[in-house]
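Participant: Chain B: place on chain A using the hints.
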Amino acid sequence: MPTDRASPQDDSRSDLELIDAVNHGDARAFEALYLRHRDYMLRIAMRFTGERDLALDAVQDSFIYFYKKFPGFVLTAKLTTFLYPVVKHNALSLKQKAKRAQGDASEEALKAQPDSDPASDPAKADSADDLHALLSSLPDSQREVLVLRFVDGLSLEEVGSAMEIPLGTVKTRIHHAVRKLRESEKAKKYFEP
Amino acid sequence: MPHEDEQLDRLPPAIIDALRDLDGPAVLPDTKRDADVLSGARQHLAGVAQVERKRRNLRLFFAGGAGGAFAAAAMVALVAWLGNPFASSEPHADQPMMAMSEEPASPQPAALQPGDLDASGDVDILDAYLLARQVEQGGAAKAYDFNSDGRIDQRDIDLLASRAVALSPGEQG
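Just so you know, the protein sequences line up as chains A and B, in that order.
Just so we're aligned, residue 15 is where the first sequence starts under my numbering, counting upward by one.
Just so we're aligned, residue 375 is where the second sequence starts under my numbering, counting upward by one.
Bound-form chain A, shown alone (with noise of 0.2 Å):
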């Protein structure tokens, strides 16, 4: 029984028989799956928000909505693909509701940041740089397929069922950002063989 086990965060249930667990109560399963998806959840936040503060809020969110889900959850993919769209939604209501509360006074303040313009600083000019600049100016869309596929590892099939779009499109943002990317003096180097 989940009562034997050591401590939540070692437990080597996999996500299917925790949440059969959690369905019936077993509240030390929530902590363990808990354990084991908050940090990744929490990379996802901050991506949106990127604030510390408002990710920590969003995963804190995803986390509340997800265990009312319980008694009669049905995992029917990964547990990452469930919680993906959620903390994204989340992240991206927070970060816009901060914004409103802040109003023109954060525009200002980022106007008046002399290192935000990378191109004002020589040494920051260099290819790393211009990669980022680069990847920073494909649509979202785009760059979002790209950092679940090729950062965090997911398959295609998973990056579609994450952001909620058919296989098909995963595939052709993928092949349009790689298009722009190849086609991009700063990048095409990278591309030959």
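One should not assume that every hint holds.
Straight-line Cα separation of at most 25 Å, PhoX-like style, residue types lysine-lysine; simulated pairs [what the hints assert, rightly or not]:
no., chain 1, residue 1, chain 2, residue 2
1, A, K92, A, K82
2, A, K111, A, K92
3, B, K406, A, K82
4, A, K111, B, K428
5, A, K82, A, K113
6, A, K83, B, K406
7, B, K428, A, K83
8, A, K185, A, K203
9, B, K406, A, K109
10, A, K82, B, K428
Simulated from the structure, these hints should not be mistaken for laboratory data.
Predicted model, so just to flag it, every value in this text is computed and none were measured.
Facilitator: Showing chain B alone in chain A's frame:
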């Protein structure tokens, strides 16, 4: 030019590194938020565990103690209710699901919900079981004629059971 599908699986390492850099430094978790989430979850799941215990006890009771044809039939009905709460237990279109008969012989205290036979504060599957026992013994009060057909029978037990399941925490995923 590589094959198109190759793009879906491979990207130059320098570009992957640059994508990773966009994430910035890792966010350290916050102990207070962890505690808040986990204590909220414990509280919520304590309720889930309570319902689960009731259901388990009921199943054990039927499996071990009651015996006889009635218990077997009731067990089958209960399994059906738990698996598909709303199947074949819809009230008649012009009757509310928990409508009481107009002149109940032994009205329940006002504070209790209709159908809360054991006065536990909730209408749960145990109430359905109690009603089943009363029907079996022929002593069910008219107040439990939930479908107002003038009889207290299996249909009323079905209605009460489906109501009990509908009241338990949400089914979603």
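Participant: With the threshold set at 25 Å, check whether the alpha-carbon distance from K111 of chain A to K92 of chain A stays at or below it.
Facilitator: The hint is violated at about 30 Å.
Participant: Holds or violated: K82 of chain A and K428 of chain B, Cα atoms, limit 25 Å.
Facilitator: Measuring from Cα to Cα gives roughly 20 Å; hence the hint holds.
Participant: Is K82 of chain A within 25 Å of K113 of chain A, Cα to Cα?
Facilitator: violated (28 Å)
Participant: Is K406 of chain B within 25 Å of K109 of chain A, Cα to Cα?
Facilitator: Status holds; Cα separation ~21 Å.
Participant: Quick one, are K83 of chain A and K406 of chain B close enough, alpha carbons at most 25 Å?
Facilitator: Distance ~23 Å between K83 of chain A and K406 of chain B Cα, so the pair holds.
Participant: Taking only the CA atoms, is the gap from K185 of chain A to K203 of chain A under or equal to 25 Å?
Facilitator: holds (23 Å)
Participant: Measure nothing beyond the straight line between the CA atoms of K428 of chain B and K83 of chain A; if it is 25 Å or shorter, mark the hint as holding.
Facilitator: Distance of about 20 Å is within 25 Å: holds.
Participant: Is the hinted pair K406 of chain B and K82 of chain A satisfied, with a Cα-Cα distance of at most 25 Å?
Facilitator: holds (20 Å)
Participant: CA of K111 of chain A to CA of K428 of chain B, is that 25 Å or under?
Facilitator: violated (43 Å)
Participant: CA of K92 of chain A to CA of K82 of chain A, is that 25 Å or under?
Facilitator: holds (18 Å)
Checked against the numbered hints above, the structure breaks hints 2, 4, 5 and satisfies the rest.
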